[in-house]
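Visitor: The primary structure of each chain is shown beneath.
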Amino acid sequence: MKIEFEHHQGAHCESGVTSNLLRQTSGGKITEPLAFGIGAGLFYVQVPFIKINNGPAIAFRNMPGFIFNRTCKSLGIPVTRKKFRSKETAARFLDDRLEEGIPVGAQVGVYYLPYFPKEYRFHFNAHNIVVFDKTGDNYTVSDPIMEFPSVLTSYELERVRFAKGALAPRGHLYYPAKKIEINNETIKKAIKSGVQKNVFNMLSIPGPFAGVKGIKTTGLKIKKWRDKLGIEKAGSYLAQMVRMQEEIGTGGGGFRYIYAAFLQQAEAYSPGNQLEDISAQFTAAGDKWRESAVHAAGIYKGRLGSQADFDAMGDYLVEISEVEKNAFLALKNIKWQ
Amino acid sequence: MAEQSIGWDVKKSALEVAWGDIEKRIAAAKQKVLTNNASPVLFFMEYRLMDTAILAGYTGFWQWQIKRHTKPGVFNKLSSKTLQKYADAFNISIDDLKSMTVHED
Chain A
196 MKIEFEHHQG
206 AHCESGVTSN
216 LLRQTSGGKI
226 TEPLAFGIGA
236 GLFYVQVPFI
246 KINNGPAIAF
256 RNMPGFIFNR
266 TCKSLGIPVT
276 RKKFRSKETA
286 ARFLDDRLEE
296 GIPVGAQVGV
306 YYLPYFPKEY
316 RFHFNAHNIV
326 VFDKTGDNYT
336 VSDPIMEFPS
346 VLTSYELERV
356 RFAKGALAPR
366 GHLYYPAKKI
376 EINNETIKKA
386 IKSGVQKNVF
396 NMLSIPGPFA
406 GVKGIKTTGL
416 KIKKWRDKLG
426 IEKAGSYLAQ
436 MVRMQEEIGT
446 GGGGFRYIYA
456 AFLQQAEAYS
466 PGNQLEDISA
476 QFTAAGDKWR
486 ESAVHAAGIY
496 KGRLGSQADF
506 DAMGDYLVEI
516 SEVEKNAFLA
526 LKNIKWQ
Chain B
216 MAEQSIGWDV
226 KKSALEVAWG
236 DIEKRIAAAK
246 QKVLTNNASP
256 VLFFMEYRLM
266 DTAILAGYTG
276 FWQWQIKRHT
286 KPGVFNKLSS
296 KTLQKYADAF
306 NISIDDLKSM
316 TVHED
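Chains as they are written, first to last, in my numbering: chain A, 196 to 532; chain B, 216 to 320.
Just so you know, these hints were derived from the structure itself, not from any lab.
Predicted model only: the values in this text are computed from it and were never measured.
Do not rely on the hints blindly, as some may be mistaken.
As the list claims (entries may be wrong) - Under the rule of at most 20 Å between Cα atoms (straight-line distance), these lysine to aspartate or glutamate pairs were calculated in the DMTMM-like manner: (1) A/Lys-387 with A/Asp-472; (2) A/Lys-428 with A/Asp-504; (3) A/Lys-527 with A/Glu-471; (4) A/Lys-428 with B/Glu-319; (5) B/Lys-227 with A/Glu-486; (6) B/Lys-227 with A/Glu-427; (7) A/Lys-224 with A/Glu-199; (8) A/Lys-496 with B/Glu-319; (9) B/Lys-300 with A/Glu-351; (10) B/Lys-300 with A/Glu-486; (11) B/Lys-245 with B/Asp-266; (12) A/Lys-313 with B/Asp-310; (13) B/Lys-239 with A/Glu-314; (14) A/Lys-496 with B/Asp-266; (15) B/Lys-227 with A/Asp-472; (16) A/Lys-329 with A/Glu-201.
If we strip away everything but chain B, and leave its shape as in the complex, we get (with noise of 0.2 Å):
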């Protein structure tokens, strides 16, 4: 039965509709980012697929602070110590969260 499921046209289509919705997101962050009015932060939440409360379990942030750092004024700020967190959180160095790289992994 487990077999059946795989390659269902109606599965995969349910699947491409998840993504799409979250590609959306990513270019809209990712827009935003580059006309100065979000943080990378803002972008790789996104980009892997965390929404505020995740993203504070995994840097043990609180929600409003996060919130902070996806101001770009406040993120260019941050000490190396958080954006290590961050970078963590994201599994990336903190030059590609500066720099909003994406490498495939």
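Bound conformation, chain A alone (with noise of 0.2 Å):
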């Protein structure tokens, strides 16, 4: 059966997979900035002890799965999630909702993803794709970060589904149970909700690791890396932070103006509540990261290479921090009208 979804281009692949799942129950209303800013996308983490690629694990982003989950929630619609031990069933699974006529989100690993890419495959399973068609042995997915839908074979399809290593997906699907009308106050409430979870996330987790007191930590930690580590392994610790920060998928600039488009399209919806002028602030801490990357280029492409500079790189963080801190207090402190 022919199912009605329309591939379009995002900027990050959940909060893009999001708004395509969304597009029909909300005529087209939820964008994906709103997506992001209603699911609370915007994170900073580094995962103490844990390394990614030899590097550090830096992430400036929620983890997979939450953002559709959440937007969903403030919005009132229902989710059906699951994952699946065995790959049989997971095949079944998805080709029983799409005989159903529903487009599916799912998680994938993008190492064996073959249309992805070549310079960008690499152990990350945390990408999203929608699954919406099955033809004989191919199904069609809309991949956010790709112009147009692609084709899958069966076998490529189970071997992303079921990718290993960290944040395996485990054939993970996730689609709305129930179409439901969305108005205008519906989105409104969403987006307060959406933006308190944020403030929290980024202003309340306890710990040195997560929210605006884990850039900080890292931009402290920096400042050490060159007698701990030697400078080319230093340099390449600031290539995968710079990597996470403006992958494809981030929109550049770490998320930071995703989230900031969301604010502004907040506003429409939400007036009276400053959130274009906040938004403002978002946008400064995206060109503060961008310049921030451009300094660690400097470092990994040798050109600069002080203890001087690392000091600087890790002020660049320290004052990024601060410049996100009060924009989420600014967020905190809103009367929402």
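Need the complex rebuilt from these two chains, each delivered in its own frame; the hints are there to steer you.
Guide: Here it is as structure tokens:
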């Protein structure tokens, strides 16, 4: 059966998928930035003691599946989510949904994703696509980073749905369980709840590793990297940080620009809360991340390398931490109209 | 905004650093295999950007087994069933695995 589904390219995989999945239900109102903001997608964490691709484990956004879940919950849309132990059950479950005419979100690993640009193929398992058609042995999938829908054989799809390593997807599928009309009032409420959740995540998670405190912690650590790791490894660490920040699917600036766009669009649904003014602070944070990346590039390309350069690098993050703290405090102090 | 970041030199060079590191690791592994200090399992593990944890996930072996299989003496005695699991994990044939042959994919 032909499934009604429109593919749109997005800046970030999960908010793109969320927006695409909700396009029909919401009449196109849930744009990608709205999905990202309502889903409280902005985050920062450096997971201690863990290495990814032999470098620091830094993330600028939330866990996979979180945004979709949160967005739907805030909009009052029930969600079905499923992980699988057996590959056969996982395939059958997907086929049954497609049979019923439901486009399904799927978490996949990108390493063995055949259409994915080769230079981006790492064992990164928190990527999201929508599967919306099956013809013979071929599935048609919508990947927000691609301009057009792509085709995967059942073997190729199974392989990426059961990719291994950190955050292994284990066949993870998700979709709105019911179609529900969304009006502007629901969106307004959802915006408030998304902002408040994001304020909590960035300001109030205990410990020094998450949120704005996490950014500062990384900044202070960077100052010690030169002595501790040696100049070459420290450079690789910084390159990894920049990759996470500017990677395909971030919208650049570690998702800060996409969050700024969210606040701008939110203004229309929720006027009188200075959301648009505060949005400028996130654009400023994004610019600072970009500036810091240029400085980091100076180090990993070997143009810079003194301890003073590493101190300056660390100070960038300490400063960003301060900028974002103030931006989130402004959001926290909104007297919601 | 997505367009801005494509082709941005800073980002491109960050990717180049990452791939440069990987290529060094692959070259080092290759050298080890050629001098008979490691088996092709190590080479393909690096070639596929894996570590023993990821490879354990794909093959179903324990990490200590994989470490053992990276020794040439142990590798040469592996059954074809075991070799097939590695070949599947690396998306190559058993012959390519044994001869350390790389096909672009």
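Visitor: Now, for every hint given, state plainly whether the structure supports it.
Guide: Each hint, compared with the structure:
Distance check on the hinted pair: A/Lys-387 and A/Asp-472 sit about 16 Å apart at the alpha-carbon level, within 20 Å; holds. Among the hinted pairs, A/Lys-428 with A/Asp-504 is consistent with the structure: their alpha-carbon atoms are about 15 Å apart, no more than 20 Å. A hinted pair counts as satisfied when its Cα atoms are at most 20 Å apart, and A/Lys-527 with A/Glu-471 qualifies at roughly 15 Å. This hinted pair does not check out: A/Lys-428 and B/Glu-319 have alpha carbons roughly 29 Å apart, beyond 20 Å.
Distance hint between B/Lys-227 and A/Glu-486 is fulfilled; the C-alpha atoms sit about 15 Å from each other, no more than 20 Å. For the hint linking B/Lys-227 to A/Glu-427, the alpha-carbon distance of about 18 Å falls within 20 Å, and the restraint holds. At roughly 17 Å between alpha-carbon atoms, A/Lys-224 and A/Glu-199 fall within 20 Å of each other, so this suggested pair holds. Taking the CA atoms of A/Lys-496 and B/Glu-319, the gap is about 28 Å. The hint is violated against a cut of 20 Å.
Proposed proximity of B/Lys-300 and A/Glu-351 is supported: the alpha carbons are some 17 Å apart, at most 20 Å. Among the hinted pairs, B/Lys-300 with A/Glu-486 is inconsistent with the structure: their alpha-carbon atoms are about 46 Å apart, more than 20 Å. Proposed proximity of B/Lys-245 and B/Asp-266 is supported: the alpha carbons are some 16 Å apart, at most 20 Å. Straight-line distance between C-alpha atoms of A/Lys-313 and B/Asp-310 comes to about 24 Å, which puts the hinted pair past the 20 Å bound.
Pair hint B/Lys-239 plus A/Glu-314 holds up; C-alpha atoms about 16 Å apart against a cutoff of 20 Å. Using a Cα cut-off of 20 Å, the hinted pair A/Lys-496 and B/Asp-266 is violated, with the two alpha carbons roughly 26 Å apart. At most 20 Å may separate the alpha-carbon atoms for a hinted pair to count; B/Lys-227 and A/Asp-472 exceed this at roughly 33 Å. For the hint linking A/Lys-329 to A/Glu-201, the alpha-carbon distance of about 15 Å falls within 20 Å, and the restraint holds.
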